[in-house]
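Visitor: So you can see what is in the structure, the chains are spelled out below.
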Amino acid sequence: MSPVSIATEQAVLAPERPLKRVGLLQRVVDHRADYLYVLPALIVMLIVIAYPIYYTIELSLFKTPPNLQMKDKIFVGLDNYVAILTSESFHDVTINTLIWTVFSTGFAFLLGLGAALALHREFAGRGMLRALLLIPYVVSAVAASYVWKWLYHSDFGVIGALSVQFGFTDKPINFLDNLHTALPSLIVVNVWREFSFAMIMLMAGLQTVPEQLLRAAQVDGANAWQRFWHVTFPHLKGVSMVTLLLLMVANFNSFIIPWVMTGGGPAGASDIWITQIYQLAFGRQRWGLASAYAVILFIVLMTLGYFYVKALTRGDEARA
Amino acid sequence: MTDTFADAGRSHPKTPVDWWRWGGRVFLLLLLIFTVLPMAWMVLTSIKSQFAAMQYPPQWWPAEPTLENYYKLLDPTNSVGQEFLRYFWNSLYVSIATTILGVVIAVPAAYAFSRFRFPGRAFLFFSVLVRNMFPAVVFLMPLFLMMRWLGLVGSHGSLILTYLTFGLPLSIWLLKGFYDNIPIQLEQAARIDGATRFQAFCMIVLPLSTPGIIATSIFSFIGAWNEYVYAVTFLNNKDMLTLPVGIQRYFTEFATDWPGLMAATFLMSVPVVVLFLVLQKYFVRALTEGAVKH
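Residue numbers (this note's numbering), protein chains in the order written: chain X, 1 to 320; chain H, 1 to 294.
One or more hints might be untrue.
With a Cα cut of at most 25 Å, we get these calculated SDA-like pairs of lysine to any residue [stated by the list, open to error]:
id: 1; chain 1: X; residue 1: LYS237; chain 2: X; residue 2: PHE103
id: 2; chain 1: X; residue 1: LYS237; chain 2: X; residue 2: LEU110
id: 3; chain 1: X; residue 1: LYS73; chain 2: H; residue 2: TRP149
id: 4; chain 1: X; residue 1: LYS73; chain 2: H; residue 2: MET146
id: 5; chain 1: X; residue 1: LYS171; chain 2: H; residue 2: PHE34
id: 6; chain 1: H; residue 1: LYS281; chain 2: X; residue 2: ALA124
id: 7; chain 1: X; residue 1: LYS310; chain 2: X; residue 2: GLN207
id: 8; chain 1: X; residue 1: LYS310; chain 2: H; residue 2: PHE126
id: 9; chain 1: H; residue 1: LYS238; chain 2: H; residue 2: ASP75
id: 10; chain 1: X; residue 1: LYS237; chain 2: X; residue 2: ARG215
id: 11; chain 1: X; residue 1: LYS71; chain 2: H; residue 2: TYR70
id: 12; chain 1: H; residue 1: LYS238; chain 2: H; residue 2: SER155
id: 13; chain 1: X; residue 1: LYS310; chain 2: H; residue 2: SER127
id: 14; chain 1: H; residue 1: LYS281; chain 2: X; residue 2: ILE135
id: 15; chain 1: X; residue 1: LYS237; chain 2: H; residue 2: LEU28
id: 16; chain 1: X; residue 1: LYS310; chain 2: H; residue 2: SER155
id: 17; chain 1: X; residue 1: LYS149; chain 2: X; residue 2: LYS71
id: 18; chain 1: X; residue 1: LYS237; chain 2: H; residue 2: PHE126
id: 19; chain 1: X; residue 1: LYS310; chain 2: H; residue 2: GLY177
id: 20; chain 1: X; residue 1: LYS63; chain 2: X; residue 2: ARG284
id: 21; chain 1: X; residue 1: LYS310; chain 2: X; residue 2: GLY106
id: 22; chain 1: X; residue 1: LYS149; chain 2: H; residue 2: ARG249
id: 23; chain 1: X; residue 1: LYS73; chain 2: X; residue 2: THR97
id: 24; chain 1: X; residue 1: LYS237; chain 2: X; residue 2: PHE307
Don't read these hints as lab results, they were simulated from the structure.
Next comes chain X alone, as it looks inside the complex (with noise of 0.2 Å):
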């Protein structure tokens, strides 16, 4: 939108606003009608959304009791933090939480931009790859875990058969219930579901570089590779940003594949942060713990929620 709009925009549809600069109270007065719009939304996200999280800040510095009635709770300072921290499954869980964050978003992210590119080009047949694709990203995480749970199966799984069938091992691997490989496994199970929404972004994205440019590098005799890493990335830098970390807060809150796939398990060996606090809440009843934990992920999103709204807020100063 350009500034001429914007000043015509306010002229029209806020004719009461005073030329000259006012107190915060005024101004609110002023767009006292504005409020009415959000209002509704205002106050269901205060229920919903600030209360709970308030709320679970004031847990974190608390012992619940077990029968969950909240008002024999007892203060206890950052004991819960504490004790979180210096507990011995923590390092364990946080390596595996790294794990599967980093990895997930790679090859999500890597996946996509190779089909985002190879797709960018019309041909036949185009538009049904690209729906193809997004299926798993459409389909509920709980049906994605049960399909690949069967695929996975230890005696009649078809990986473990095709694995046989050519030669790569002797006798079908059991994935979910190896110490080993249970946690890889997921990591597969995930970038399946994820890795077209990448595409999707990325493919908005190679539609804002300007051709131009590509054929001015063509003439000048840039090779594939150096159009590609001159003139398409540089273009693509903004919304691989968001991409990014849309990814990556999204794994570090992904609960559903390793929750109904292995629980955790075996031995721990698929527990990440979000696992762990619901086992925490609803397996043990430890409230307080669970909220603690709960907090110090908040603390991590919120860090990578500040890119984020960098990210997406660029040039949208210029805009309003």
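Fit chain H to the given chain X structure using the hints.
Guide: Here is chain H on its own, set in the frame of chain X:
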């Protein structure tokens, strides 16, 4: 990327083999196999008898394909079908209610964020964005207590309310993108013709944003249809379960009936896949809205 220059390439007398293009094709083929094989195996398993499915080495192609698993699930006269259809209905009800409620609340809010410059706008919109960062699991405990206090634990109301935690911010964010793209001049013209601000919104902007509302609704519906965490925590009565939780029950009860489970998974995926295929254009637009500035 090379391919954009097909014409330029052709003007040379000797065009070398385009390795990039061939590499891209092979890559796409492999990716397609990776994507489709699990889905294909799900369908192939669902048309096998249980005996045929539990064999090693597997029957690659069903020797005696049967739709029996589907008949069983869709037949309201037996207990399995009765349960499945009930879960299906529950899912449909919760998803539609969440979508309508979320969109109705989100439309005016998104419009205000797009058009008005009231104090606190930036902060409020920032809070909307930030919500997308938080996982459902960390909202579970306070919301569980709240639902217990309201006496809603175990009801569909608890799901419809809690689904707003992800549905509402997402809807506001998507709709704002659509409103940003509607030219302001149309409303200005209406204002000059004597319409109030609210009339201009209802008569000009709302009809124009129908595609945006459709896109947002699909997103919201799919999100609610696939939701698992709240449903598995809040629902305790087996008659109230939604599909993602319901088929889990089915799985643990008949621990070995993989063909039945695959058929149930297939049926559960049908509505979202159909919605997605029919309204793909909107879906893709909604997904990339905001991240890419044209």
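Visitor: Are the hints correct? Go through all of them and say.
Guide: Consistency of the hints with the structure:
1. X:LYS237 <-> X:PHE103: holds (20 Å)
2. X:LYS237 <-> X:LEU110: holds (14 Å)
3. X:LYS73 <-> H:TRP149: Answer holds: LYS73 of chain X to TRP149 of chain H is near 17 Å, not above 25 Å.
4. X:LYS73 <-> H:MET146: Between LYS73 of chain X and MET146 of chain H the Cα gap is close to 16 Å, so the pair holds against 25 Å.
5. X:LYS171 <-> H:PHE34: Holds - the C-alpha atoms of PHE34 of chain H and LYS171 of chain X are around 22 Å apart, at most 25 Å.
6. H:LYS281 <-> X:ALA124: holds (18 Å)
7. X:LYS310 <-> X:GLN207: Judged against 25 Å, a Cα distance of about 22 Å means the pair holds.
8. X:LYS310 <-> H:PHE126: holds (10 Å)
9. H:LYS238 <-> H:ASP75: holds (19 Å)
10. X:LYS237 <-> X:ARG215: With Cα atoms ~20 Å apart, LYS237 of chain X and ARG215 of chain X stay inside 25 Å; holds.
11. X:LYS71 <-> H:TYR70: violated (50 Å)
12. H:LYS238 <-> H:SER155: holds (11 Å)
13. X:LYS310 <-> H:SER127: Holds - the C-alpha atoms of SER127 of chain H and LYS310 of chain X are around 13 Å apart, at most 25 Å.
14. H:LYS281 <-> X:ILE135: holds (14 Å)
15. X:LYS237 <-> H:LEU28: holds (23 Å)
16. X:LYS310 <-> H:SER155: violated (39 Å)
17. X:LYS149 <-> X:LYS71: The hint is violated at about 42 Å.
18. X:LYS237 <-> H:PHE126: Cα-Cα ~22 Å, so holds.
19. X:LYS310 <-> H:GLY177: holds (17 Å)
20. X:LYS63 <-> X:ARG284: The hint holds at about 13 Å.
21. X:LYS310 <-> X:GLY106: The hint holds at about 21 Å.
22. X:LYS149 <-> H:ARG249: Within the cut-off at roughly 15 Å; holds.
23. X:LYS73 <-> X:THR97: violated (30 Å)
24. X:LYS237 <-> X:PHE307: holds (14 Å)
Figure legend: structure checked against the earlier numbered hints; hints not met, in rising order: 11, 16, 17, 23.
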